[in-house]
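Put together the whole structure using the sequences plus the hints.
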Amino acid sequence: MNSKRIFVKSYGCSANQADGEVLSGCLAEAGFKIVPSDSEADVLIYNCCAVKGPTEDRMFEVLKRAPREKQLIVAGCLPLICHDRLRREVIFDGAVGSSLGVRIVDVVSRVLRGERVVALDIPVENKPGLLLPRVRSSPVISIVPVSYGCLGSCAYCCVVFARGRLRSYTPEEILTRIRADLTSGTREFWLTSQDTGCYGKDICTNLANLLETICELPEDFRIRVGMMTPNFARSMLADLVDAYRNPKVFKFLHLPVQSGDNTVLMRMRRGYKVEDFREIVETFRVNFPIIALATDVICGFPGETPEAFNKTVRLIGD
2 MNSKRIFVKS YGCSANQADG EVLSGCLAEA GFKIVPSDSE ADVLIYNCCA VKGPTEDRMF
62 EVLKRAPREK QLIVAGCLPL ICHDRLRREV IFDGAVGSSL GVRIVDVVSR VLRGERVVAL
122 DIPVENKPGL LLPRVRSSPV ISIVPVSYGC LGSCAYCCVV FARGRLRSYT PEEILTRIRA
182 DLTSGTREFW LTSQDTGCYG KDICTNLANL LETICELPED FRIRVGMMTP NFARSMLADL
242 VDAYRNPKVF KFLHLPVQSG DNTVLMRMRR GYKVEDFREI VETFRVNFPI IALATDVICG
302 FPGETPEAFN KTVRLIGD
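Per this note's numbering: the sequence shown ends with 319, consecutive numbering throughout.
In short, the hints are calculated from the structure, not lab data.
Everything numeric in this text was worked out from a predicted model, so none of it was measured.
A hint or two may mislead.
Cross-link-like lysine-lysine pairs, in silico, DSS-like; alpha carbons within 27 Å at most [as the list claims (entries may be wrong)]:
id	residue 1	residue 2
1	Lys10	Lys34
2	Lys202	Lys249
3	Lys34	Lys5
4	Lys274	Lys312
5	Lys5	Lys71
Here it is, written out as structure tokens:
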């Protein structure tokens, strides 16, 4: 049975890409053959994103185009967020949630025996081990999840239903993973999460401390920090800036503001004001004149007025 060929395709954020590498790695270690195209496969695993409506619709188009003669397993955030639609619109053999880890081996084995597997347990405590086998998409870049889940309750967000509440890896777990990857030639680490800013809040540490600890490793490498929300970034701003001073840390800040209007932000339940976002950005600009800034904006949020929209436009212009 383990001679069966598996095609794994991941969509969406870097955390989902990391999950897909683990799915492939666990299956390869179990003896399955990971193949580069769906035409070569017996089983298709689509590790899907559903972060927003257009993305969800694109995912369903992909799933509907899957070859009917192949066995199809739908994984990732989408089955947890859109399960009813999935049952109505897609013929599938398995539906599993995110962060499945080594359990994918059992799911694939059962599907190959003819079972229809639905394993959509809501994540509470589970997160895959950082040292699970992976099939890497790049030999020099390693995507390292520092945590799963978040501490937010944003009015518009569905990801919390798929990823759950915050579960951080310990600094020791992360360092062990990074050391192992360094020995295999990795030179760039992408620290990822649903919100890197809240990393460690559940284990009495924070992102700034983690960065300092990682940078103490003697090898030559670089760190790219993934998205963080302004409220958590502001709570450790001075320490975060100090951590960014290390030449090993890319001068890149992904800080989603979502709106330039405080009333809209309050309705979104974002937990910060526009002034907080400005303070963080200006602090980083003063300390790092050459820095790449990225943000995200939602236009047309229910109740947004033309004036509120124009405030967002002006903020981005600044």
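Evaluation of the provided hints:
no., hint, verdict
1, Lys10 - Lys34, "holds (14 Å)"
2, Lys202 - Lys249, "holds (24 Å)"
3, Lys34 - Lys5, "holds (6 Å)"
4, Lys274 - Lys312, "holds (13 Å)"
5, Lys5 - Lys71, "holds (12 Å)"
Violated hints: none; the structure is consistent with every hint.
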